[in-house]
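There are 2 protein chains.
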Amino acid sequence: MHILQFLPAGEHAQKHETGSHNSIVKKKTVVIQGLGFVGAAMALVVASNPNDLYDVIGVDLPSNAGVIDKLNAGEFPVRSSDPKVSECFEVARRRNNFRATSDQGVYARADVVVVDINLDVHKGVRDEHLDTSYSVTLDPFRDAIRSIAAVCKQDVLVLVESTVPPGTCKKLVKPVFEEEFRKRNLPCEFMIGHSYERVMPGPGYIDSIRNFYRVYSGIDEKSADAVEAFLKTIISTDEYPLTRLGNTTASEMAKVLENSFRAMNIAFIQEWTEFAETADVNLFEIIDAIRMRPTHRNIMKPGLGVGGYCLTKDPLLASWSSQHLFGAKRLPQSERAVEINDQMPGHTLGLILQHFREGIADKNILILGISYLPNVGDTRSTPVDPLFAALRDRQVRLALHDPYVPFWEEYQLETCSDEETQTGDYDAVILGTAHKTYFDDSLLHKILNANKPMALFDPHGSVSDPIRAGFPQHSYIVTGRGDV
Amino acid sequence: MHILQFLPAGEHAQKHETGSHNSIVKKKTVVIQGLGFVGAAMALVVASNPNDLYDVIGVDLPSNAGVIDKLNAGEFPVRSSDPKVSECFEVARRRNNFRATSDQGVYARADVVVVDINLDVHKGVRDEHLDTSYSVTLDPFRDAIRSIAAVCKQDVLVLVESTVPPGTCKKLVKPVFEEEFRKRNLPCEFMIGHSYERVMPGPGYIDSIRNFYRVYSGIDEKSADAVEAFLKTIISTDEYPLTRLGNTTASEMAKVLENSFRAMNIAFIQEWTEFAETADVNLFEIIDAIRMRPTHRNIMKPGLGVGGYCLTKDPLLASWSSQHLFGAKRLPQSERAVEINDQMPGHTLGLILQHFREGIADKNILILGISYLPNVGDTRSTPVDPLFAALRDRQVRLALHDPYVPFWEEYQLETCSDEETQTGDYDAVILGTAHKTYFDDSLLHKILNANKPMALFDPHGSVSDPIRAGFPQHSYIVTGRGDV
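Residue numbers (the working numbering), protein chains in the order written: chain A, 1 to 484; chain B, 485 to 968.
No false leads were mixed into what you were given.
Result set (BS3-like, lysine-lysine): computed pairs, CA atoms no more than 27 Å apart in a straight line:
| no. | chain 1 | residue 1 | chain 2 | residue 2 |
| --- | --- | --- | --- | --- |
| 1 | B | Lys655 | B | Lys706 |
| 2 | A | Lys27 | A | Lys153 |
| 3 | B | Lys920 | B | Lys930 |
| 4 | A | Lys329 | B | Lys785 |
| 5 | B | Lys654 | B | Lys813 |
| 6 | B | Lys667 | B | Lys654 |
| 7 | A | Lys27 | A | Lys232 |
| 8 | A | Lys301 | B | Lys785 |
| 9 | B | Lys654 | A | Lys301 |
| 10 | A | Lys301 | B | Lys813 |
| 11 | B | Lys706 | B | Lys654 |
| 12 | B | Lys716 | B | Lys510 |
| 13 | A | Lys170 | B | Lys785 |
| 14 | A | Lys232 | A | Lys84 |
| 15 | A | Lys183 | A | Lys153 |
Beta-carbon label-pair distances, calculated as ranges:
| no. | chain 1 | residue 1 | chain 2 | residue 2 | range |
| --- | --- | --- | --- | --- | --- |
| 16 | A | Arg293 | B | Glu559 | 31 to 37 Å |
| 17 | B | Leu837 | A | Pro332 | 22 to 28 Å |
| 18 | B | Pro956 | A | Pro332 | 34 to 40 Å |
These aren't lab readings, by the way, just hints derived from the structure by calculation.
A virtual CB, placed ideally from N, CA and C, is assigned to each residue, including glycine.
Build out the structure end to end from the sequences listed, making use of the hints.
The structure is reproduced here in structure tokens:
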């Protein structure tokens with residue numbers, strides 16, 4: 001048996017390239033399981049590590065052949081505004097150390113397998129055992145883990161980065177490995193760790209892996225040490241020190257707790273948003289005043305809703321785990337946060353319907369912004385989706401604009417150009433996403449100028465008072481502001 | 485009519501004392517209504533303002549004659565570790581500008597009245613109208629406001645500092661003034677403002693008024709200007725700028741929202757505390773890891789519960805206001821936060837009862853710390869209270885210790901000395917409050933040394949791992965740590 005040895009990220013590749021011939025110093029093989037939003041970025045970061053330590057193989061399902069083909073052709077499968085994506089690709093191309101495949105046989109060659117597959121929550125699907133309105137199926141995840149355990153080296157390091165119900169590494173990954181290793185008559189020398197990513201879309205996509213804090217753990221000391229050594233070779237841990245937690249359940253819990261904290265704080269403001277509208281006050285100025293206190297900096301502002309892959313499901317994963325994996329209680333506040341957030345777009349919809357009391361069918365409405373986050377083009381679970389669907393169901397004539405989303409995959413719809421936004425003769429504009437460019441480039445000014453008196457719905461409170469004052473003919477309806 | 489004119493706090497008293505004789509430059513009279521925890525401190529801060537601008541009269545009910553007598557005798561009625569209390573008193577004594585009375589006739593002489601009376605929530609008292617398990621009675625508050633309006637000058641400034649249901653200044657204070665002024669045949673030249681305090685017990689008591697951020701508002705522009713001018717003469721507004729909000733309801737809402745945010749975040753962690761205990765992880769280390777992210781700094785840690793006058797009731801004031809003053813919806817998350825927090829001490833009680841499975845009657849237990857906050861002696865709504873009561877009801881033999889609380893008013897009990905803590909032959913020690921002195925002075929070491937193997941209950945996770953390791957004979961039960 002041999003323990004993996006890695007060079008820390010600070011020491012440079014020369015060591016490798018001067019002392020010995022490249023073909024003799026065999027690189028470690030890192031296989032990334034799952035080439036989605038996280039896995040694809042992780043693969044690039046590992047391949048372009050500063051010391052050229054690894055050969056990287058990305059694995060995805062045959063049904064995702066498109067992604068595999070793109071990667072092998074040097075094209076990144078996730079649309080990203082981050083220039084570092086192509087820089088990393090260029091490094092990997094020069095090194096010739098990154099390829100993608102659907103052949104699960106490659107796990108046999110891995111020194112490290114990084115698990116980056118999704119573990120989904122099915123909302124609206126009743127789990128009758130637990131009496132919840134959502135369910136979680138571990139089967140696909142278990143199968144994926146088994147596909148590694150069935151063929152891997154006996155001293156492989158498996159690093160789970162997927163967001164999983166707390167307890168998964170201990171209660172699922174490890175037992176599957178033990179079972180398969182027993183079948184294979186191998187000693188249980190595998191190492192299993194968990195380290196959660198905090199990958200964000202947008203221009204900081206690569207840096208959200210390479211230059212950001214990491215929490216990690218292992219099923220035992222040896223595993224945790226191996227995870228630490230591996231992460232040090234790909235992350236700038238001098239600047240962003242690693243945090244080791246006591247066990248894998250702890251780091252699994254940290255991930256879902258940090259997202260639940262955020263989800264719950266967004267949900268909490270919803271009832272105050274409604275109160276502020278009733279009481280004719282400006283909740284935004286109230287929150288700015290409250291944020292003066294350092295102990296209150298993280299209080300959230302009103303908005304359209306919550307999107308993305310994490311906040312919309314992680315609290316449910318936690319509650320499911322407590323009930324299903326530990327036979328304990330549900331987490332009612334965390335569950336309720338998701339429910340409230342899922343209903344948030346309905347609140348803005350209510351304001352719109354109330355404005356068009358006489359009927360909304362056949363009105364012309366422009367939606368500015370589809371992405372769930374400003375200044376990036378990420379439509380995963382965007383709260384604009386249910387709003388769009390509800391308006392479409394009511395026969396509203398809708399135009400869509402988003403500079404970061406030329407094509408809305410989920411609806412197979414092209415969005416309109418800047419010019420087209422100014423020719424619509426709109427009855428209303430909805431600011432679905434507060435992209436900076438709407439204000440910097442005066443696109444909003446142009447739209448307001450080009451239109452007859454209309455309503456501007458501003459769920460994020462992004463249109464400043466001076467802009468509003470400059471266009472007195474338009475009505476402004478700001479979520480969380482009864483005073484406009 | 486004359487508008488109040490104040491010197492800003494930066495300009496010094498010489499202006500007053502050199503240019504003209506003191507008895508000629510007539511000082512403004514500021515009357516403080518309510519000499520409790522906030523009002524007493526506010527009175528001192530106003531009396532000791534840097535420019536000697538005011539004569540200050542504190543008013544309280546005849547039933548609080550003790551407080552009035554104390555103040556007139558130069559003794560501060562609230563026990564405080566803040567050395568600035570006596571400094572301020574010394575300034576006032578020299579100036580001879582501060583006295584207290586129960587005579588409500590003094591409102592007639594006031595240029596400014598600062599309202600610092602309590603507005604209480606009655607928990608466990610059903611409001612049948614609203615179907616809530618708590619009720620709010622505005623009558624005493626209305627009467628107090630009326631006692632000012634009935635006699636005050638026609639251009640008085642009334643500054644409400646009490647935490648009130650949002651809407652109170654507009655929907656109660658102003659109408660009462662209008663009614664009384666009509667009766668008195670006076671033009672409505674009164675000014676009404678709201679500015680909430682963030683007074684904290686302990687060594688920063690005076691500074692929590694003088695050197696801290698303030699939010700304020702008025703029922704109209706003139707009122708807001710007058711509040712601003714007044715606050716600038718008593719608060720270091722250069723360093724801690726004032727924030728003016730659009731109307732009084734907004735600043736009333738800001739106060740209850742900031743406390744609800746805090747209460748809700750404490751409540752949120754409770755379900756994770758229980759999950760962590762079940763899942764055998766250390767929630768404290770998880771939260772430390774999460775706090776690395778600036779967006780997650782305000783996530784709370786497990787504890788015994790919530791105390792003090794504000795967090796335990798302000799969310800209810802808000803929900804009551806939404807329902808009663810605005811005919812709108814309740815705020816279920818905010819209400820639920822208070823319920824959860826009120827039940828928190830029951831969780832630690834459960835851990836204690838579980839430890840003494842064989843029966844807890846006649847066990848010797850020492851409670852270290854009674855105050856609801858560390859390092860100060862403030863027992864208002866302390867979560868130690870219900871824990872103490874529950875153990876007493878179970879015939880536990882209890883000893884109490886708190887260096888900041890020599891006498892526990894609510895129970896009329898003396899606490900024991902440092903020496904007495906080491907002679908008790910305890911079956912358990914409960915760290916009710918994590919006063920630093922327990923760790924700095926090694927009091928805890930001495931107790932752990934002096935006792936046979938016993939259980940130490942640590943709801944705040946304050947006993948460090950090295951201390952725990954040093955006393956392996958004792959059992960440690962830490963709320964939110966399944967791994968100890």
